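S.K.: As given, the protein sequences belong to chains A, B and C, one line each in that order. Each step along the first sequence adds one to the number in this note's numbering, with nothing skipped, and position 40 is 40. Each step along the second sequence adds one to the number in this note's numbering, with nothing skipped, and position 9 is 9. Each step along the third sequence adds one to the number in this note's numbering, with nothing skipped, and position 289 is 289.
Hints listed in this document are in silico derivations from the structure and should not be mistaken for laboratory results. Hints may be right or wrong, so weigh each one.
Here are the computed lysine-lysine pairs in the BS3-like style, where the Cα-Cα straight-line distance is at most 25 Å [to be verified]:
no. : chain 1 : residue 1 : chain 2 : residue 2
1   : A       : K159      : B       : K4
2   : A       : K265      : A       : K292
3   : B       : K9        : A       : K42
4   : C       : K50       : B       : K4
5   : A       : K316      : A       : K265
6   : B       : K4        : C       : K207
7   : B       : K9        : C       : K50
8   : C       : K211      : B       : K4
9   : B       : K9        : C       : K207
10  : A       : K101      : A       : K211
11  : C       : K102      : B       : K9
12  : C       : K192      : B       : K4
13  : A       : K382      : A       : K358
14  : A       : K121      : B       : K165
15  : A       : K54       : A       : K292
16  : B       : K98       : A       : K128
17  : A       : K42       : B       : K165
18  : B       : K9        : C       : K76
19  : A       : K101      : B       : K165
20  : A       : K128      : A       : K101
21  : B       : K4        : A       : K101
Computed from a prediction, not measured in an experiment: that's the story for all the values here.
In case you want the letters, here they are:
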Amino acid sequence: MPEANPEAKNDTKDKTGPSGNGSSKAGSTCILMRGVGKHFGKTRVLEKIDLDIKTGEFCVFVGPSGCGKSTLLRLIAGLESVSSGDLSIDGQRMNDVEPSKRGIAMVFQSYALYPHMTVYKNLAFGLKLGQVEQGEADRRIREAARMLQIEQLLDRLPKQLSGGQRQRVAIGRAITRQPKIFLFDEPLSNLDAALRVSMRSELSRLHKQLKTTMVYVTHDQVEAMTMADRIVILNAGHVEQFGPPLEVYHRPRTVFAAGFLGSPKMNFMRGDITEVGGDSVTVKLTGGGNVKAAVKPDGAKVGDTVTVGFRPEHLKITAGDKGGLTATVQLVEDLGDHSIMHLDRDAVEGRVLAKVEKVPATEGQTVSFEIPAAECHVFDAKGMALARRD
Amino acid sequence: MTGKVAARKGLFYLLVIAIIFYTLFPFYYAILSSLKTGTELFSVDYFPVTWNLGNYVSVFRDNPFATNIWNSVLVSFSTVALSLFLGLTAAFALARIKFRGRSLLLLTILGVSMFPQVAVLSGMFQMIRSLGLYNHLPGLVLAYMIFTLPFTVWVLTTFMRELPKELEEAAIMDGASSWTILTRVFMPLMWPALVTTGLLAFIAAWNEFLFALTFTLTNDERTVPVGIALMSGASTHEIPWGNIMAASVMVTLPLVVLVLIFQRRIVSGLTAGAVKG
Amino acid sequence: MADRLTASRVRSAWLFLTPMLVVLALVAAWPLVRTIWLSFTDANLLSMEKAKFVGLENFKGEYGLLHDKLWWTSVKNTLWFTFFTVTIETVLGMTVALVLNKEFPGRGLIRAAVLVPWAIPTVVSAKMWSWMLNDQFGILNHIGVQLGLLHAPLAWTADPDLLMASVVMVDVWKTTPFMALLILAGLQMLPKECYEAAQVDGVHPVKVFFKVTLPLIRPALMVAIIFRALDAIRIFDLIYVLTGTREPSMTMSVYARQQLIEFQQVGYGSAASTLLFFIVALLTVLYIVIGRVKLGGD
């Protein structure tokens, strides 16, 4: 499978590829951000962003609306200017460099295809501007078209294409430029659910094929979890956590990160620390009952107010009372392969959700439950997680 | 009840007929008169009695009318070309780039359309003379910019504002310069606005009288409006109405056809300017 | 601290603006300034280099504008002309707009027909109407006499008492379409529910017009009226071609041009032009200010 790697073809007249392209090896830092901030007038959109995205990795920026993920992507692209801090690509400072000279290609949410040009011309536009020689350009276009299975669409106009086809053309336009970095700005948001699932796997396949660095913005955590090598969770302009999806899922560092990933959301309950051990902490919950968490205390003291978190799938309904955790079953939602139980604890903190395969109790019944120490998270008053034992 | 409704409808259609009659009669009568020659003109007729095309021949023979038409064609097309070029480049800056003083600039440009022509007459006369353009058609084209630019810039800016930002950004990522974006990406998408402003500019240039009268001296540089206004007959006291009517019809017919074909565009262009103002 | 990327964009903006601005400066800014400057001199068309600065002589002086009866006549004429044409055109234009607003077979044709007077060059219109108003062979006199409205043919474009009427007549014919279109645009933006409600209530159409339609289109109507008024104050072509420089129909523009070109009094003519310019500018500013205030108050 031919790779769209800048090193593969050596074309001296090619201005679409970046300069000095032989230096980036997989594993080395591709995009480096140090103290990057962005403000529009008085509004601060991003603050003190420190990230290093490795060459060849698929990095996903995820977060709620308004968190600044799109802005961060556009900073990398050069469509917005960096207000403070440094942005480097392959070791070169890029703050003042034009977008087209950064070795980057971008796929927009609305595809942004040129409406008056055929698919072929859309794919060729950037190449012509970069003065890629005719034969080479044609080769790249057909190669990309083949990769994305849009060869039969080359003579059509964008308005004659379906949403999914337009998306492929947009991706194809990026591929032909043979960039160092691909940027995706919520590319699947405008597609219907079924198409989204198939496009997701296609993009992952594409990444494996091309082995190029990809930065992907989405608000959909499923896309983040399934596609990313590492994810960046952004909230209100700063980074909550940066790491591989499963690590962020199982070892969230902040309340926000914990609550963002996972559906249904993680359950949170407040309480005070009653015991501090070498590798565990016991918390008395405000709503009644005690839990023990397998976390390193790390400066936490008895009497500290903390937030305890546990995922719905880790809640175990028990036969007898263990640790004083009880609740009344308010509602059971059956989804076929699993059910969601809505448990009420005297309306103290809102509902606790449990995700079970078989429902052991009916609505109206009172149940006891426990949370395994290994699946129990503790967050201090500032929302920071106490480090896990393992 | 139906009697009342019928009466109202009858009145309505009577009104419609009255409007058509009022708007079209003068032109109809001009055509009528242009088909009469000599003494036939001295009698008043409501319907064509003869179909004499003599006037259409003599108007070219007795006057430099062909030259007038050719000059008007040259000037009008050049005016359109220049207005669109200047308007497009200016609109790009005004519509797509934020800079200080942008709205003030736009308002000032619009304000120029309020200038009385006489207020700039002497100054422009001097300027045209010093540029060596007196009694030359390019001088007229330049002068006409004073009334084509304001609405051209306004309409094109309004239209260009509506183009999606992501399209421009995609072009930037593709490495397009601002000029490339304007010509290869935006312009093809703007052709309705280009047609509208082009038409309005054409009609304005074709129609213009005061500057054409003041800035040309010899017959071979005169345009149609001036040519018609100055048409004189065989003797000094005789006004060649037949010729004048023939000239009028010839000059008006293509314009009317143009306007009828493009009436939607023209109407939207005119009202857009006024309503937004 | 402006970053380099934004700064270069702003630079390119001014680069793109330059051609248009240069031309506009050449044909609008410079000539206007020159005209205002000349109005303070005694420049003469044949010997422009010998112009001397004379201050406000052209305005206040013994032979200045303010003492020139002809100037004041042309001011009066201009105001009367504006008043009559705008009023008549608004009423007629409103009628036509109301008709065009209704759906009926052949509406497209009517709209096209209505555009014809606007499309015809002003000079041609003037000539066409000159011919129709001709005192000997004109069809209007003919009809008037035949119908008994006139005792004898009238010299529409020659008789001093009729000149103003003639120019108003022709301008109304030519410009009503424009007014009609502007008003129509305003009418078409109105919500249909008002009319339907009135219809259900059985309100007489005339009452609907005055109580519902008129108040609702007032903003659009005001815009159209101001536009027309500003155009009417500046008018030249029609007057000049139809009635030449005859006094009873002379407007300020015609007066100014006569002074400039015919009498070669460049200084004096420029003074007249300058006054006209400031009158128009004042009205424009007034309109914007009042418009803003109204919008703010609404």
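S.K.: Within a Cα-Cα threshold of 25 Å, do K9 (chain B) and K50 (chain C) meet the stated pairing?
M.R.: 70 Å, violated
S.K.: Compare the distance between the alpha carbons of K159 (chain A) and K4 (chain B) with 25 Å, and conclude whether the hinted pair is satisfied.
M.R.: It is violated: about 52 Å lies between the C-alpha atoms, which goes past 25 Å.
S.K.: Regarding the pair K9 (chain B) and K76 (chain C), is the alpha-carbon distance no greater than 25 Å?
M.R.: The hint is violated at about 43 Å.
S.K.: What's the verdict on K382 (chain A) and K358 (chain A), does the C-alpha distance respect the 25 Å limit or exceed it?
M.R.: With a Cα-Cα distance of about 37 Å, the restraint between K382 (chain A) and K358 (chain A) is violated, given a limit of 25 Å.
S.K.: Would you check the hint for K42 (chain A) and K165 (chain B), treating anything up to 25 Å between C-alpha atoms as holding?
M.R.: 23 Å, holds
S.K.: With the threshold set at 25 Å, check whether the alpha-carbon distance from K128 (chain A) to K101 (chain A) stays at or below it.
M.R.: Holds, at about 15 Å.
S.K.: Given the hint that K54 (chain A) pairs with K292 (chain A), test it: the Cα-Cα distance must not exceed 25 Å.
M.R.: Violated, at about 38 Å.
S.K.: Is K9 (chain B) close enough to K207 (chain C), meaning Cα to Cα at most 25 Å?
M.R.: 18 Å, holds
S.K.: Is the Cα-Cα distance between K316 (chain A) and K265 (chain A) 25 Å or less?
M.R.: Holds: K316 (chain A) and K265 (chain A) sit about 16 Å apart, inside 25 Å.
S.K.: For the pair supplied as a hint, K102 (chain C) and K9 (chain B), confirm whether the alpha-carbon distance does not exceed 25 Å.
M.R.: Holds, because 12 Å separates the two Cα atoms, which is no more than 25 Å.
S.K.: Just to be careful, I want the Cα atoms of K101 (chain A) and K211 (chain A) compared with a cutoff of 25 Å; is the pair within it?
M.R.: 21 Å, holds
S.K.: Mind checking the alpha carbons of K192 (chain C) and K4 (chain B) for me, to see if they're no more than 25 Å apart?
M.R.: Since the Cα atoms of K192 (chain C) and K4 (chain B) sit roughly 24 Å apart, the hinted pair holds (cutoff 25 Å).
Checked against the numbered hints given earlier, the structure breaks hints 1, 3, 4, 7, 13, 15, 16, 18 and 21 and satisfies all the rest.
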